[in-house]
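Trainee: Listed here are the chains, written in short residue letters.
There are 2 protein chains.
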Amino acid sequence: MVNEPASSNDPAACDSPAIAAAVNPQRLANDLATLAMIGAREDGGVARLALDDNDTRARLWLVEQASELGAQASVDAMGNVFLDLPGSDPELAPVVTGSHLDSQPAGGKYDGALGVLAGLEALRALKAAGFTPRHPLSLVSWTNEEGARFSPGTSGSAVFCHVRSLEETRLIQDSEGVTMGHALDTCLAEMDAANVPRRSLATPMYAFIELHIEQGPILEREGASVGVVEGIQGVSWFEVTVTGTANHAGTTPRAHRRDAFEGACAVATALREAARDSEDRVRFTIGKFDVSPGSVNTIPDRVTFSIDLRHPEAATLKALEATFNDITQHTWAGCRVTLAALSRIEPVAFPDALTAQIDAAAGELGITAPRLVSGAFHDAIHLANHCPTAMLFVPCHHGLSHHPDEHTELDDAVVGTQLLAASLARLSR
Amino acid sequence: MVNEPASSNDPAACDSPAIAAAVNPQRLANDLATLAMIGAREDGGVARLALDDNDTRARLWLVEQASELGAQASVDAMGNVFLDLPGSDPELAPVVTGSHLDSQPAGGKYDGALGVLAGLEALRALKAAGFTPRHPLSLVSWTNEEGARFSPGTSGSAVFCHVRSLEETRLIQDSEGVTMGHALDTCLAEMDAANVPRRSLATPMYAFIELHIEQGPILEREGASVGVVEGIQGVSWFEVTVTGTANHAGTTPRAHRRDAFEGACAVATALREAARDSEDRVRFTIGKFDVSPGSVNTIPDRVTFSIDLRHPEAATLKALEATFNDITQHTWAGCRVTLAALSRIEPVAFPDALTAQIDAAAGELGITAPRLVSGAFHDAIHLANHCPTAMLFVPCHHGLSHHPDEHTELDDAVVGTQLLAASLARLSR
Numbered sequence: 001m002v003n004e005p006a007s008s009n010d011p012a013a014c015d016s017p018a019i020a021a022a023v024n025p026q027r028l029a030n031d032l033a034t035l036a037m038i039g040a041r042e043d044g045g046v047a048r049l050a051l052d053d054n055d056t057r058a059r060l061w062l063v064e065q066a067s068e069l070g071a072q073a074s075v076d077a078m079g080n081v082f083l084d085l086p087g088s089d090p091e092l093a094p095v096v097t098g099s100h101l102d103s104q105p106a107g108g109k110y111d112g113a114l115g116v117l118a119g120l121e122a123l124r125a126l127k128a129a130g131f132t133p134r135h136p137l138s139l140v141s142w143t144n145e146e147g148a149r150f151s152p153g154t155s156g157s158a159v160f161c162h163v164r165s166l167e168e169t170r171l172i173q174d175s176e177g178v179t180m181g182h183a184l185d186t187c188l189a190e191m192d193a194a195n196v197p198r199r200s201l202a203t204p205m206y207a208f209i210e211l212h213i214e215q216g217p218i219l220e221r222e223g224a225s226v227g228v229v230e231g232i233q234g235v236s237w238f239e240v241t242v243t244g245t246a247n248h249a250g251t252t253p254r255a256h257r258r259d260a261f262e263g264a265c266a267v268a269t270a271l272r273e274a275a276r277d278s279e280d281r282v283r284f285t286i287g288k289f290d291v292s293p294g295s296v297n298t299i300p301d302r303v304t305f306s307i308d309l310r311h312p313e314a315a316t317l318k319a320l321e322a323t324f325n326d327i328t329q330h331t332w333a334g335c336r337v338t339l340a341a342l343s344r345i346e347p348v349a350f351p352d353a354l355t356a357q358i359d360a361a362a363g364e365l366g367i368t369a370p371r372l373v374s375g376a377f378h379d380a381i382h383l384a385n386h387c388p389t390a391m392l393f394v395p396c397h398h399g400l401s402h403h404p405d406e407h408t409e410l411d412d413a414v415v416g417t418q419l420l421a422a423s424l425a426r427l428s429r
Numbered sequence: 001m002v003n004e005p006a007s008s009n010d011p012a013a014c015d016s017p018a019i020a021a022a023v024n025p026q027r028l029a030n031d032l033a034t035l036a037m038i039g040a041r042e043d044g045g046v047a048r049l050a051l052d053d054n055d056t057r058a059r060l061w062l063v064e065q066a067s068e069l070g071a072q073a074s075v076d077a078m079g080n081v082f083l084d085l086p087g088s089d090p091e092l093a094p095v096v097t098g099s100h101l102d103s104q105p106a107g108g109k110y111d112g113a114l115g116v117l118a119g120l121e122a123l124r125a126l127k128a129a130g131f132t133p134r135h136p137l138s139l140v141s142w143t144n145e146e147g148a149r150f151s152p153g154t155s156g157s158a159v160f161c162h163v164r165s166l167e168e169t170r171l172i173q174d175s176e177g178v179t180m181g182h183a184l185d186t187c188l189a190e191m192d193a194a195n196v197p198r199r200s201l202a203t204p205m206y207a208f209i210e211l212h213i214e215q216g217p218i219l220e221r222e223g224a225s226v227g228v229v230e231g232i233q234g235v236s237w238f239e240v241t242v243t244g245t246a247n248h249a250g251t252t253p254r255a256h257r258r259d260a261f262e263g264a265c266a267v268a269t270a271l272r273e274a275a276r277d278s279e280d281r282v283r284f285t286i287g288k289f290d291v292s293p294g295s296v297n298t299i300p301d302r303v304t305f306s307i308d309l310r311h312p313e314a315a316t317l318k319a320l321e322a323t324f325n326d327i328t329q330h331t332w333a334g335c336r337v338t339l340a341a342l343s344r345i346e347p348v349a350f351p352d353a354l355t356a357q358i359d360a361a362a363g364e365l366g367i368t369a370p371r372l373v374s375g376a377f378h379d380a381i382h383l384a385n386h387c388p389t390a391m392l393f394v395p396c397h398h399g400l401s402h403h404p405d406e407h408t409e410l411d412d413a414v415v416g417t418q419l420l421a422a423s424l425a426r427l428s429r
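Heads up: the protein sequence lines correspond to chains A and B, in order. Going letter by letter, the first sequence gives residues 1 to 429 in this note's numbering. Going letter by letter, the second sequence gives residues 1 to 429 in this note's numbering.
Repeated chains share a single entry, so a pair holds when one copy, or any two copies, can fit it.
Here are the simulated lysine to any residue pairs, SDA-like style, with alpha carbons at most 20 Å apart:
{"no.": "1", "residue 1": "288", "residue 2": "273"}
{"no.": "2", "residue 1": "288", "residue 2": "151"}
{"no.": "3", "residue 1": "288", "residue 2": "254"}
{"no.": "4", "residue 1": "288", "residue 2": "253"}
No lab work stands behind these hints, which were simulated from the structure alone. As the structure is a prediction and not an experimental result, all values here were calculated from the model.
Produce the entire structure from the sequences given, and follow the hints as far as they go.
Mentor: In structure tokens:
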């Protein structure tokens, strides 16, 4: 565990300000621009779908950066790419950073990519600052985080961490019927051709830190360049079905109606009110709402809608689920309502011992890094089951992501990279 | 006008009970069964789409009934089929009844068909009772009332009454790209082959009475076999657009959201409340409601929904439209709202002089025939601009229509036909 670094009695070995000063903003900016050209869209965005040609080219570009860094590139059976730097004690497990290179079909330049490039720049900075780690250091790019081509996402980290099996994951098909196994084999053949050696899945790690754009508005509104993520919210997905009676809009008096839309509107409002907390920590979203038969002059007989409910605490999610069950027990506007729980992912809390190390590094650098909770999933959710895990968030403009206009200021990316580099040094020293 | 029939000083010429007694329930039942076989669906319903082979076969079947009735069949350029019985005064305009033979793709046996067959049986009863009309009597079947194949519907009556032009109507295409003009020509060629003579559009009428199933629950709930329709509700269609900001469901705090679904739900509820009247005469329906982008974990940025608003009085429709405009002036859940008026059809009130004649006939027959307003459109809405027009409604089971299970009890159909026959006699004597 990461409670006490073994060499904390030797502070000179980890000069955080010197490491931060060795982060090269221009080099990071160049890498961001170079990578954004691989799968560039005309609208300024990026289309680098998991295991497509662009995604494979991005991997090969990353592998090419290994020699200048003095690192060894390798790839595992899930296509996860690693760049490994040795530590002074070869018996120790590595301290790992990284994120993903794949994007949404109309994605931006930062989601995932910034985490990989910040990790690469952090390792370069550690080297340039003359820092000698005791633990090995690794940079990783996980395969198919987005789930846009092959659903669900976070495939590379899930298989690496034994959350899902390689076999079932290889069977997943994209919309054209191509299996992930086939796409993986094509990609791995290219890696073979580039002489990238294979490595095992599930190799031990001492710690994992992922830097990512926030994909939310909090840091931008607080004017912070970086934030320390305490954990990842839990998510419950529900499907609510409201059943009424279809009838002619012109001929049916109000008193004789069982209008599924009216019922759905009323129960949706009641559910939203029940989820309203004064702290504004509950995330309640109705994103899909399908009205049947969907004709202007027919009273709807059926509405089906989704609920995406998130909270950092499992107990709150459970209590809200019970409240939702109560609310949907009775009829609304004369319509029967059913609530089905579709999926549930428990919240993850990152270990205090690890976030405390990052806080300490921020303190040494004079960086204000507020704590926040991740509202989105990341590969880190699986890594948290494999080793002590933490995340850093950098702000993104207007909280926008999965969009060509996704943007993070270079200054913020640099501060995030500096804190990442100093944190990796503290953990690996 | 129909205020005072010319021969009202000769009551013996119009013996309502004898005419009612001449309505033959078995003959009406046989006709309903025969017609339901033309385009019969396996589920018991009827698919007789305007101007398709079944619809043309139904027309030819109707034409075949002319000779036994002693009537002259003819067809106009819109495919409207007439069966004409002479009156004693050839200078007078005819009293006309009828409805339509086309159905929805999954329609029932009664919508439209019952009005044509009740009219046919009423003319037979008048003849069987020895009644000699002064005015000619006509039965009509209007083309494409439903609008299911060629939209909009009520084509035959609209062109007959100069509400739409024949030329524009012939250009309307079905989903296969077949124009209504082409389908009409095919149908008319079959009518030519059956030696059905052509007649003019827009021929004068003394009065028009259409019998139809109610397509609503009122008569069934009141236990009435027939109702006298006072008019057809006006209809306003609106489209409401609610614009918010799309964002990640997991990362965006409530305070930073502009959730178009939340706004749409709130404004829809406010609009519905504004339309709520204690008399239950306003018909307010939201039947289409489209949420964009429609993803479980994305806060919607846009909702578009329809409003179908109906009322028998133009002033009420206008006042509600003004209220709706006020409600949509301000933001809802931080979202901008716009209200667009898509279409407006003014209410039609049938002339008191005509409905009073039907009331009088019902009185003579001892039939309880409550007044009601039509919530649906009918060919009568166009005829009301052409001549004094009225409608009779008979109940349908559960108010259900446009469905294979659509059903009217034979007893009710017979009572409706008796009242129709007696009313035609009073008007034509």
